[in-house]
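Chain by chain, the residues run as shown.
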Amino acid sequence: MNSRAEILSRIKENQPELTSLPAELTAPLQYADPVAMFSTVLGNIGGTTVPVSSYEEIQDHIKTHFADQKRIVSTLPELSQVTEAGWEGQDPHSYEDIDIAVIRAHFGVAENAALWVTEELMQQRVIPFICQQLAVVVQRKDIYSNMHEAYGQVADSVYGFGTFIAGPSKTADIEQSLVLGAHGPKNMTVFIMDLN
Amino acid sequence: MNTGTKDHAGLADIFNEDEARVDWHDETLWFVRAKRDKAAHTLPEWEALRENASKIKDNVLSNLHDYLLQFEAKAQQNGITVHWAADAEEHNQIVHSILKAQGVSRIVKSKSMLTEECHLNEHLQKSGIEVIDTDLGERIVQLAEEPPSHIVLPCIHKKKEEIGELFHEHLGTPKGESDPQFLTAAARVHLREKFLTRKAAITGVNFAIAETGEFVVCTNEGNADMGAHLADVHIACMGIEKIIPKRKHLSVFLRLLARSATGQPITTYSSHFNKPRAGQEMHLILVDNGRTRQLGRADFRNSLKCIRCGACMNTCPVYRRSGGHSYHTAIAGPIGSILAPNLDMKEYADLPFASTLCGSCTNVCPVKINIHEQLYKWRQVIVKEGYADTKKALAMKAMDFTLSSPFLYKTAGKAGRWVIKNAPFMVNNKLNAWYKQRDMPEPPKQSFSEWYKKNNNE
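Chains as they are written, first to last, in my numbering: chain L, 177 to 372; chain W, 3 to 460.
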């Protein structure tokens, strides 16, 4: 018998009597102002929120705050005036020198400041991890209170790779001292866009 | 981990030689436990979440056969190659054969307690394959040639000055530099070069979804993603119990995991791998290594519900004061002490006794594993099977003999009180294990039953 058959047969023999799945959690915590909560939590984990009402405002922010950065790339065509052209579709290793990447998120979650991003919003999977600084654009209306609502949004959508990103890369492995920028971005800016 | 013939008590003695360090270790872990409490208290539904997670895991264990088949079929549809390994040896061979087929001799690996359990690094290194652990804490213990002492905080036993010394030796940082910010920046540069040059990456798996065939890897550093998205070959290794039924169940587990582990609301990255990227090979290894045996032990199968948050270690008064290495197994602390005897009852016979049975582990466990009850039950199994330490077995027999007879019990109590009062040297010596790190108490003048008789005119 091969290992697969052996393992499966042992499981069948040893697994206990079938129990049913529990009912879904009723009334998980809702915030009166999810956007305010999102901003507070993001601040606590080392990120910054910037409220904006147009893409011009984001471009202005990039021009004023990131003027000294050499390589700025974005997956948002609305930001093409301030970002590199023709950077897409290269060997992922070539993105090692990206200073700032600006991408879009499907939605954000107030309870933990996590943003849901799937592969098609990254151009290449490595982009949000390899850049020195990450900026993410999310619509104000797309900030949900908790993870149950979040997976309600993800639902049965199809993606090759998706990730929740909450703040900059970090570690506290040396004597529990928090250091931002372990391997990935050293900081994170979230543009919360209110188009109204 | 090769610790010679020393058991938990013997290894804890070594750790306890430096009292200041023990206090520091104890306080650091308690600080993490306090952060967990604070995070848990932000959610009014915390207890309902734990209950929900526990029930979902019950269902997983009761239907594991079908869930694994469902997961395998979906993962294969998604383009992932699925392997099955009956034990650690087979797991290591599978990894080796994938690397060999690709002609890869240098790899990066993110944190995976399963690969620690299987001693993968040693196996690959023997075959001439270089493994770089990329989690900062794991890289530190790897440079120190030690195993991790904690499943979430691998080098929690190390002082920053010791890490500075290691980095000076291996990474060329200035001698005497021990600032965590500086050392982390040095490690970032050192490990970036590895991510950019290695063709294969190994990661662990936190959750695998039967419904969709995807698997989820959680990190704060982003090292699993840096490795996987740059490598031509991604190998993910998981125990068969990591399955959960549906994608939406992640909402429950991701709310619990980081809050229980470090007090964060969520890890920085919760990455869902569904398909290999274009041109990439993605392998997933499902490992048994004793898990099906544990599934068959009604008293101990709940241990398979563990999501590896480490909360039981941070809260454990014994773990905090004896250090992770005293458990001489990949997974230390209370949960490790109920997992290890299943792997080798003789070698780990000491571990279920490395507990006060206070129950704090059970109280903080996010999936409500009855850890302290299982520790108690393992003790009975181990004594019955004849694996208990001889001194302990003898003492227990003497206790049983004394406690079964009211006359002997009374006489022994009287004698004990007399000895402590009149001949303290007979108990305050090295032969009495209870005298170590403790002073014997003042003896009471009378026993409770003597006091009761006197005060109730019986």
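Think of the hints as simulated: they come from the structure by calculation, not from any bench.
All C-beta atoms, glycine included, are put in the ideal place defined by N, C-alpha and C.
Hints are supplied without guarantee of correctness; some may be wrong.
[Said to hold, decoys possible] One side only, chain W facing chain L, incomplete, derived with CB under 8 angstroms: (1) Phe33; (2) Asn54; (3) Leu70; (4) Gln72; (5) Ala90; (6) Glu91; (7) Gln183; (8) Ser253; (9) Gly265; (10) Ile268; (11) Asn276; (12) Gly298; (13) Met347; (14) Thr358.
Evaluation of the provided hints:
1. Phe33: 7 angstroms, holds
2. Asn54: 5 angstroms, holds
3. Leu70: Check passed: Cβ of Leu70 of chain W comes within 7 angstroms of chain L, closer than 8 angstroms.
4. Gln72: 12 angstroms, violated
5. Ala90: Ala90 of chain W check fails; min Cβ-Cβ to chain L is 12 angstroms, beyond 8 angstroms.
6. Glu91: Interface hint status for Glu91 of chain W: violated (11 angstroms vs cutoff 8 angstroms).
7. Gln183: 5 angstroms, holds
8. Ser253: 4 angstroms, holds
9. Gly265: 11 angstroms, violated
10. Ile268: Hint holds; Ile268 of chain W Cβ to chain L Cβ min 4 angstroms, cut 8 angstroms.
11. Asn276: 5 angstroms, holds
12. Gly298: 3 angstroms, holds
13. Met347: 17 angstroms, violated
14. Thr358: 25 angstroms, violated
Violated hints, listed in ascending order, are 4, 5, 6, 9, 13, 14; each of the other numbered hints is respected by the structure.
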